[in-house]
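Novice: Residues per chain are reported as follows:
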Amino acid sequence: MAFRRAIDFRLKTRLLTIFLELILPVGAVAAWWALSAGSTSVYFPPLSQIVTALRETWLFEHWSTDVFPSLENLALGFLVSCLVGIGLGVLLGLLPIVADAVAPVLEFLRAVPGVALLPAAILLLGIGAETRISLIVFGTMWPILLNTIDGVRAIDPMVRDVAESYQIRGLGWLRRIVLPAASPQIVAGMRTALSVGITVMVFSELSGTTNGIGFQILSAQRSFAVPQMWAGMILLGIIGYLLNIAFRGFEHVVLRWHRGMRQLARS
Amino acid sequence: MYNSMVKRAPVTEDVVSGNAGEVVLAVRELSKTYETRAGRKLVLNSIDLDVHRGEFVCVVGPSGAGKTTLLRCMSGLLAPTAGQVLLDGELVTRPPAKLAVVFQDYSRSLMPWMSVESNVMLPLRAKGMPGSQSRKLANTSLEAVGLADAGRQYPWQLSGGMQQRVAIARALAYEPEVLLMDEPFASVDAQTRADLEDLALNLRASFGVTVVLVTHDIDESVYLGDRVVVLSGSPTRIRDDVSVDLPSPRDQIETKVLPRFAELRKRILQEIRSDRASR
Numbered sequence: 001m002a003f004r005r006a007i008d009f010r011l012k013t014r015l016l017t018i019f020l021e022l023i024l025p026v027g028a029v030a031a032w033w034a035l036s037a038g039s040t041s042v043y044f045p046p047l048s049q050i051v052t053a054l055r056e057t058w059l060f061e062h063w064s065t066d067v068f069p070s071l072e073n074l075a076l077g078f079l080v081s082c083l084v085g086i087g088l089g090v091l092l093g094l095l096p097i098v099a100d101a102v103a104p105v106l107e108f109l110r111a112v113p114g115v116a117l118l119p120a121a122i123l124l125l126g127i128g129a130e131t132r133i134s135l136i137v138f139g140t141m142w143p144i145l146l147n148t149i150d151g152v153r154a155i156d157p158m159v160r161d162v163a164e165s166y167q168i169r170g171l172g173w174l175r176r177i178v179l180p181a182a183s184p185q186i187v188a189g190m191r192t193a194l195s196v197g198i199t200v201m202v203f204s205e206l207s208g209t210t211n212g213i214g215f216q217i218l219s220a221q222r223s224f225a226v227p228q229m230w231a232g233m234i235l236l237g238i239i240g241y242l243l244n245i246a247f248r249g250f251e252h253v254v255l256r257w258h259r260g261m262r263q264l265a266r267s
Numbered sequence: 001m002y003n004s005m006v007k008r009a010p011v012t013e014d015v016v017s018g019n020a021g022e023v024v025l026a027v028r029e030l031s032k033t034y035e036t037r038a039g040r041k042l043v044l045n046s047i048d049l050d051v052h053r054g055e056f057v058c059v060v061g062p063s064g065a066g067k068t069t070l071l072r073c074m075s076g077l078l079a080p081t082a083g084q085v086l087l088d089g090e091l092v093t094r095p096p097a098k099l100a101v102v103f104q105d106y107s108r109s110l111m112p113w114m115s116v117e118s119n120v121m122l123p124l125r126a127k128g129m130p131g132s133q134s135r136k137l138a139n140t141s142l143e144a145v146g147l148a149d150a151g152r153q154y155p156w157q158l159s160g161g162m163q164q165r166v167a168i169a170r171a172l173a174y175e176p177e178v179l180l181m182d183e184p185f186a187s188v189d190a191q192t193r194a195d196l197e198d199l200a201l202n203l204r205a206s207f208g209v210t211v212v213l214v215t216h217d218i219d220e221s222v223y224l225g226d227r228v229v230v231l232s233g234s235p236t237r238i239r240d241d242v243s244v245d246l247p248s249p250r251d252q253i254e255t256k257v258l259p260r261f262a263e264l265r266k267r268i269l270q271e272i273r274s275d276r277a278s279r
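Keeping their order, the protein sequence lines are chains A and B.
Numbering-wise, the first sequence is residues 1 to 267 according to the numbering used here.
Numbering-wise, the second sequence is residues 1 to 279 according to the numbering used here.
I should point out that these hints are in silico values taken from the structure, not numbers from a laboratory.
Glycine residues also receive a C-beta, built at the ideal position from the N, C-alpha and C atoms.
Mixed in with the good hints, there may be bad ones.
Chain A side only, calculated, beta carbon under 10 angstroms to chain B, not exhaustive [unchecked claim]:
#1 D156
#2 G170
#3 L255
Here are some chain B residues the structure puts well away from chain A; computed CB gaps all over 10 angstroms [to be verified]:
#4 P123
#5 T140
#6 M162
#7 L199
Extracted from the complex, chain B is given alone in its bound form (with noise of 0.2 angstroms):
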C-alpha cells in the first residue's frame, strides 16, 4: 500500500541536464494581487513555469521578490488571484498529497511537544498509516538525514541544522513526488548549510524526488539547480530560465572552482542587478 523508502530509479542524465520530458507541476498564468491599506499590490504577475520530473529546481530573485508567495501558490497554501497550479495535470486548490513543503523557520515548522520521531510520523499518521509501519518509515527517512539516534529527542533540544533535518525528514517520509523548499537553509551557519545541500542533492539523487528550492543566494542556486528561474523585482515575473550545464555529482570544492560556475553565476548576479537598476 506505502512503498516504504524503496530507491526509485536513478535519476537519468537527460533530467539531470534538463531535457526530461514530463511535466509534473505547471505553473499557468500566476497572478496574485494582495489587498492592502494602500491599494492593490500585484506581487506575481503571469508567472508560467514548467517543472518537469526529477528536476532540481532552484527560483532566485532579489529579496522582496514574490518567491516565497510563489511557493505558496505552488503548494496549494495560497489561492492566486488569476491563473493557475498543475500537478499532474490535476488542478491545485489546496495542499495536494503529492507534494511535500519545507519551511525556513525549521523552530516553528516542528511541533515542540512531540519528539522527534513522532514529529515525521505525524502526516503519516493523519493519514492513516497504522503506528508500526509509520514509526519505520519516520525511522528509515531519520536515517537518510543523518539522525537515527534523534527520534526520541525533542527537536528543540537539537541545532538549527539537526532540526531542518528533521523537517527534511517528514518530507520526505510522506514520499511525495514533488518536494517544496522555501529558503530552507537561509537561516543556518554557513558550514552547515553546506551539509544540508549537499543532503538535497543526495536525496534527490537516491529517491529521485522532484525538487523546487526558492532562495536568494545565487551560489547556492547554480549549486543545486538543474534549472536555475531566476525572478525580477516586484511585481514579479520569470526574467530567465538558466539551465545549468553542471557536471553531476556536484561537490562544494571542486564544482565552485569550475570556470562554468563562475559564468553562471556571474549571469545571474546580471540579470538580478540589471533588474534592480531598472526601476
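Isolated chain A (complex conformation) (with noise of 0.2 angstroms):
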C-alpha cells in the first residue's frame, strides 16, 4: 500500500509540475489573443492573423527551402564546433603548459563577436553555406573549447595515480577515464554554444544569402508582410525550445551519473 501511495504522490507531484508550467504559456497566449483581436496596428496583427501566417507561410511550405537548409546549418556547424572544441581541448587540457601559452589568443578571438565576422566571412568564403556553417562554429567553439579544458585540467590528481597504477593508457585512458571526468563541464558548454549556435544561424542569414530562417523574416519585414515576421519569431522560439529540450535529454543520459551523485551530496 505504501508502494502504492508513494506511486500516487508522484503522480500528482508531476501533474501539479505540469499544470505550473503551463499556466503562464497558456495565459500569456490567451491574453495576446483576446487583446489583439481588435488590432488595427500596422506593427501589431492580431494573433489570429499570425497563427494563420505561421501555418501558411511555414508549415510546410518554407519548410525545405529556408528551415531545413538552416537547421542543416546549425547542425553541421554545432557538430564541427564539438569535435574540435572537444578534441582540442582534450588536448590543450591535457598539455597545462601550452594551454596556459595559448590562453590570451583563445580569450582575445573569444571576445570577438562571431557575428561581426559576417562582412568578413562573406568576403573571404563567399555566399555559399560554408560561410553560415564557418560563422556558427566559430561562435560556438569556444564554450566548448573552454570549458573542456578547464574540466581535463580539473581531473582529481587521484584519478590520474589510479588509472597511471592500473596502466590505463591511450585511448583507453582518453575514453574511459579523461571524456568522462571532463563531461560535465562539456556539456555545460555545450549547452551555451547551442544557444549561441542558433542566435548566429539567424544573424549570418540577414546578408549574403537567398534564403534561410532569417532571410525571410528579414524579407517579410522589408516587405511590409508584419504577421509573417511575427510568424517567423514564433517559429525561431518554437525550435529554440524543443532543441533546448532535445538536449535536456541528451544530457538527462549522459550525465545520469552526476546528477545523481549531486542530488545525493545535496540531501
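Two chains, two frames, some hints: make the complex.
Specialist: The structure is reproduced here in C-alpha cells:
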C-alpha cells in the first residue's frame, strides 16, 4: 500500500508541475489572442493573423527551402564545433603549459563577436552555406573548447594515480577516464554553444543569402508582411525550445551519474 | 591466458611466520628528497626493505613520517631521488602490471561515472581482456569481498566501507603479485574497520597475494602483519623490523587479548614514542 501511495504521490506532484508550467504560457497566449483580436495596428496584427501566417508560410511551404537549410547549417556547425572544441580542448587540457601559452589568444578570439565576422566571411568565403556554417562554428566553438580545457585540467590527481597504477593508457585512458571525468563541463559548454548557435544561424542569414529563416524574416519585414515577420519569430522560439528539450534529454542520459551524485550530496 | 581467481596454494606456516625464502619486492637504499620553498627536504633516508612472497607486511610510523611517500615509490608512481625498487628482480620505474594499489580515499579512487562492476572491470578492459571474461572475473572478486549484489550500483550509492571493498575487489581482479595498501581503513568507522581488516586477512589466506599495508594504527599493524616495519619520524629511516609471532588465523577478540599481542603493541608504541622524544 505504501508503494501504491508513493506512486500516487509522485503522479500528483508530476501533474502539479506540468500544470504550473502550463499556466503562464497558456495564459499569455490567451491574453495576447484576446487583447490583439481587434487590433488595427500595422505593427501589432491580431494573433489570429500571425497564426494563419505561421501555418501558411512555414508549415510546410518553406520547410525544405528555408527551415531545413537553416537547421542543417546549425547542425553541421554545432557538430564541427563539438569535434574541434572537444578534441582540441582535451589536447590543451592534457598539456597545461601549451594551454597557458595559447590562453590569451583564445580569450581574444572568444571576445570577438562571431556575428561581426559576417562581412569578412562573405568576402573570404563567398555566399554559400560554408560561410554560415563557418560563422556558427566560430561562434559556438569557444564555450566548448574552454570548458573542455577546464574540465580536463580539473581531473582529480587521485584519478590520474589510479589510472597510472592500473596501466590505463592511450585511447582507453581518453575514452574511459578523461572524457567522462570532464563531461559535466563539456556538456555545460555545449549547452551554451547551442543557444549561441541559434543566434548566429539567424544572424548569418541577414546578409549575403537568399534563403533561410533569418532571410525570410528580414524580407517579410522589408515587404511589410508584418504577420509573417512575427510568425517567423514564433517559429524561432519554437525551434529553440524544442532544441533545448532535445539537449536536456541528451544531458539526462550522458550525465545521469553526475546528477545522481549531486542529489545525494545535497540530501 | 588469465587464470581467473583460482585459489592459489594456501599460505604455508613458513610464510606466515616470516621465514619465506623468495624476495618478491625489494627496496634498496631508497631516498626521496622534495624541493620546497624552504630548500631541499629529505623525506626518506636510505630505506632498505625486503618483502617475501606471501607475506603480509605492515609499515607503521608516526604521522608525518614518509609512509605514503614510501608506498608511492614502491608502486612506481613516484620516482625516488636515489636507490631503487625491484619487483621480482626487475627495476620499478613506472607502475608494474604485477602490482596493485588500494588508496586511502576510496571516494576519489573509484570512478563516479561507472557502475561498481565497470570500476572493477576497468583495469581488465584496459589490459585487453574481453568483456565477458572481465565481467566474470569482476563478479567473482566482488563476491570475494561480499558485494555480489552491488555490481549495478554506482560507487557513490554505497557506504564508505562498501566503497573500499569495491576498491579492494578492483585490485584483486587485477590479480597482482603484490598488493600495496595506503592506510586503506583510516576513513571508516571502527566496526567497519574491523570487518575490513578481517577481509584483508581472509583474502590474503585464500589468494596468497603478498600485501604491504601502510598504517598509523599500531594495533592494526600488529593484528594484520606477519611483520611490522617501524619507521622513524622525518627524515624517515627504518627503526625496527618486528616479526609478529601470533597464531593464525587471527581473531578480533581472541588475538587482541593475548599477552603477546600486548607485548608487541607495547614494543612498537615505545619505539615510536622514543623516536618522537629524541627529536
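Novice: Minimum Cβ separation between T140/B and chain A greater than 10 angstroms?
Specialist: The claim holds: T140/B sits with its nearest Cβ about 18 angstroms from chain A, beyond 10 angstroms.
Novice: Under the criterion of a CB-CB separation shorter than 10 angstroms, is L255/A in contact with chain B as hinted?
Specialist: holds, 9 angstroms
Novice: Beyond 10 angstroms on every Cβ pair: is that true for L199/B relative to chain A?
Specialist: Nearest chain A Cβ is 20 angstroms from L199/B, so the label holds.
Novice: Per the stated criterion, does the least C-beta distance between P123/B and chain A lie above 10 angstroms, as a non-interface residue requires?
Specialist: violated, 4 angstroms
Novice: Is the interface hint for D156/A satisfied, with its Cβ closer than 10 angstroms to some Cβ of chain B?
Specialist: holds, 6 angstroms
Novice: Say whether it holds or is violated: M162/B keeps its Cβ farther than 10 angstroms from all Cβ of chain A.
Specialist: Holds, since 14 angstroms exceeds 10 angstroms.
Novice: Taking the least C-beta to C-beta distance, is G170/A closer than 10 angstroms to chain B?
Specialist: Nearest chain B Cβ about 9 angstroms off; hint holds.
In the structure shown, a violation is registered for the earlier hint numbered 4 alone.
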